[in-house]
Amino acid sequence: MSTVEQVKRRFGAGTVPLLTKRLRQALSVVLFFALWAVLVRLEVLGFGRFVGPVPALSTFVSALLGAPMTGSGATIYQHAAFSAMRVVVAMVLATATAIPLGLLIGANRRWEDALFPALEVFRPVPPVAWVPIALLLLPTFRSGVLFVVFVGAFFPILVNTIEGVDTVDEEYLRAAESLGADSREVFRHVIFPATLPSIVTGVSTGVGLAWITVVAAEMIAGGIGIGYIIFQAYRLLQTDVVAVGMIAIGVLGYASAALVYRIGNRLTEWQTID
Amino acid sequence: MSNQTQTTREPTMEGEPTPEKTGAIDIENLTKVYDPEGERVVAVDDMDLQIGAEEFVALLGPSGCGKSTVMNCIAGYLEPTEGEVLVDGNRVSGPDPKRGVVFQDNRLFPWKTIQENVEFGPQMNDGVEEGRARSILDEMGLDGFEDAYPSGLSGGMQQRAELARLLANDPDIMLMDEPFSALDALTKEIMQKKLIEVWERDNRTVLFITHDVEEAILLADRVVVMTARPGQVKDVIDVDLDRPRDPEVVTTDRFTELRERALSVIREEAQRALEQEEGEV
Ligand SMILES: Nc1ncnc2c1ncn2[C@@H]1O[C@H](COP(=O)(O)OP(=O)(O)OP(=O)(O)O)[C@@H](O)[C@H]1O
Ligand SMILES: [Mg+2]
Numbered sequence: 001m002s003t004v005e006q007v008k009r010r011f012g013a014g015t016v017p018l019l020t021k022r023l024r025q026a027l028s029v030v031l032f033f034a035l036w037a038v039l040v041r042l043e044v045l046g047f048g049r050f051v052g053p054v055p056a057l058s059t060f061v062s063a064l065l066g067a068p069m070t071g072s073g074a075t076i077y078q079h080a081a082f083s084a085m086r087v088v089v090a091m092v093l094a095t096a097t098a099i100p101l102g103l104l105i106g107a108n109r110r111w112e113d114a115l116f117p118a119l120e121v122f123r124p125v126p127p128v129a130w131v132p133i134a135l136l137l138l139p140t141f142r143s144g145v146l147f148v149v150f151v152g153a154f155f156p157i158l159v160n161t162i163e164g165v166d167t168v169d170e171e172y173l174r175a176a177e178s179l180g181a182d183s184r185e186v187f188r189h190v191i192f193p194a195t196l197p198s199i200v201t202g203v204s205t206g207v208g209l210a211w212i213t214v215v216a217a218e219m220i221a222g223g224i225g226i227g228y229i230i231f232q233a234y235r236l237l238q239t240d241v242v243a244v245g246m247i248a249i250g251v252l253g254y255a256s257a258a259l260v261y262r263i264g265n266r267l268t269e270w271q272t273i274d
Numbered sequence: 001m002s003n004q005t006q007t008t009r010e011p012t013m014e015g016e017p018t019p020e021k022t023g024a025i026d027i028e029n030l031t032k033v034y035d036p037e038g039e040r041v042v043a044v045d046d047m048d049l050q051i052g053a054e055e056f057v058a059l060l061g062p063s064g065c066g067k068s069t070v071m072n073c074i075a076g077y078l079e080p081t082e083g084e085v086l087v088d089g090n091r092v093s094g095p096d097p098k099r100g101v102v103f104q105d106n107r108l109f110p111w112k113t114i115q116e117n118v119e120f121g122p123q124m125n126d127g128v129e130e131g132r133a134r135s136i137l138d139e140m141g142l143d144g145f146e147d148a149y150p151s152g153l154s155g156g157m158q159q160r161a162e163l164a165r166l167l168a169n170d171p172d173i174m175l176m177d178e179p180f181s182a183l184d185a186l187t188k189e190i191m192q193k194k195l196i197e198v199w200e201r202d203n204r205t206v207l208f209i210t211h212d213v214e215e216a217i218l219l220a221d222r223v224v225v226m227t228a229r230p231g232q233v234k235d236v237i238d239v240d241l242d243r244p245r246d247p248e249v250v251t252t253d254r255f256t257e258l259r260e261r262a263l264s265v266i267r268e269e270a271q272r273a274l275e276q277e278e279g280e281v
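Protein chains in written order, with UniProt numbering: chain L, 1 to 274; chain S, 1 to 281.
The shape of chain L in the complex, shown without the other chains (with noise of 0.2 Å):
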């Protein structure tokens, strides 16, 4: 073996990782924080009016250890519980129909007509622009803020399982026929396990937008949530809770979003199999 060769075995990109996954992954968290204070120490664009790293966590482990936020006396608990509760119940509400009536408008023709246009024009609004309507026509801000959130999740679940269906391979309807199956038990069967992956992919999509529509609502209709919090926060110029709220949603968001896969994961386990 010649020494160049030698050289680039020890050295050379791809074969001897000079550092372990971890490592580069730890890494990755230092260099956004050395980033951010760089940006703030030079007060690049409006960052000078930023909050810097060091502050921000301190501000984040105060909060974490119970300091109220933005004067309102909520703990960052009490604001991240009522936006993860209105996700929650609102996820329950568009799982509990998109689902069905995904699968409905996708198993019959004659549905999919009366029903699919009318949809079809409220499926690019974007979810946060049904905030002013919604606080308007509804009873309580809060129970307004449940229903965008709803908007935002219901849309991509009904969709992806309307195509799911649509896309079910004909022969495995012939082929369950063809061994007994009345048209219930193709449905259970076949239409709607050859579905489920859409579904997942629907859902983990809704979850997602979910997020974003319950800050955006939160924002508008204040009272409290972490939109609130950033909201306010921002309002009052105090960044180091502007970039606590915006650390709180990003953990929440991770963590439901990897919530989501792995159910989803369970559920479509015969796919993963190889």
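By construction, these hints were calculated from the structure, which means they are not laboratory data.
One or more of the hints may lead you astray.
As the list claims (entries may be wrong) - Stretches of chain S that chain L covers, calculated by requiring three or more beta carbons in the stretch to come under 8 Å of a beta carbon on chain L:
#	stretch
1	87 to 100
2	105 to 112
3	120 to 132
Virtual Cβ for every residue (Gly too), placed ideally from N, Cα, C.
Once you have looked at the hints, place chain S with the ligands on chain L.
Same frame as chain L, but now just chain S with the ligands:
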């Protein structure tokens, strides 16, 4: 479940009842036109064919001549435009567990394990019998794969599992549309042997669609060759080779004769199909 396949018992020559044969297929003036209001593709035109109970018939013909269409009409997936298909004297009006189907690329349910797939038919009909799926899977050489999902099996094993699923339902008729065409030569040979084994033992009628002339002659009692589209029966070849037929039978003179006869008919029709296509373009 329908009881289409029940027939009236006829007295036998000896006057004592013997188990009647079931699974006779009678295709009468079958015409199938796709898209009658639009492009009008006449896939099958006034076809007649009788397949006896417990007979093994292979269906050969140029690509696109309407073989699958005929099979789908027998399976009950398609409504004939004209004419009808009778099974044991009863008009076919939809799929029925007495008429089992094997698809070219198997249609095992990917979300069910192999055992759940095999038990699906019994579950839909008269109930699952403890241990039966296992014994069928054993017979198909799939023991140990009961709890695997189809995606974990090789192509040959999947096809065997699909055959097992069909057998678990105990159909009178097995409709097979190019069931082995995607398999490698060796796996194909094993599958052919298995198929003949279960057919000889269980007295089922088999309609076997294939592009492979040798396969057709090796397996079937009769080889039906179809014309180019619109499909009709062009020639019916009686395969008078003794059973059991071992693979060496292909080297005999009689086999060669039968093969040449089938091939010459097919060549003629394939040529016609080609000219037809060129004419259409
Ligand atoms: N759903 C359909 N709509 C319109 N035309 C169709 C449809 N299905 C089949 N055809 C046409 O009908 C003709 C017969 O098709 P069929 O599938 O029965 O042929 P085949 O003999 O099974 O062909 P292959 O050997 O390629 O499987 C073909 O020309 C095909 O293009
Ligand atoms: Mg075909």
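For each hint, the structure was consulted:
Figure legend: the stretch 87 to 100 of chain S, annotated as covered by chain L; annotation consistent (6 residues with Cβ-Cβ distances under 8 Å, at least 3 required). Counting residues of the stretch 105 to 112 of chain S whose beta carbon lies closer than 8 Å to any beta carbon of chain L gives 5, which reaches the threshold of three, so the coverage claim holds. Counting residues of the stretch 120 to 132 of chain S whose C-beta lies closer than 8 Å to any C-beta of chain L gives 4; at least three are required, and the coverage claim holds.
Of the numbered hints given earlier, the model fails none.
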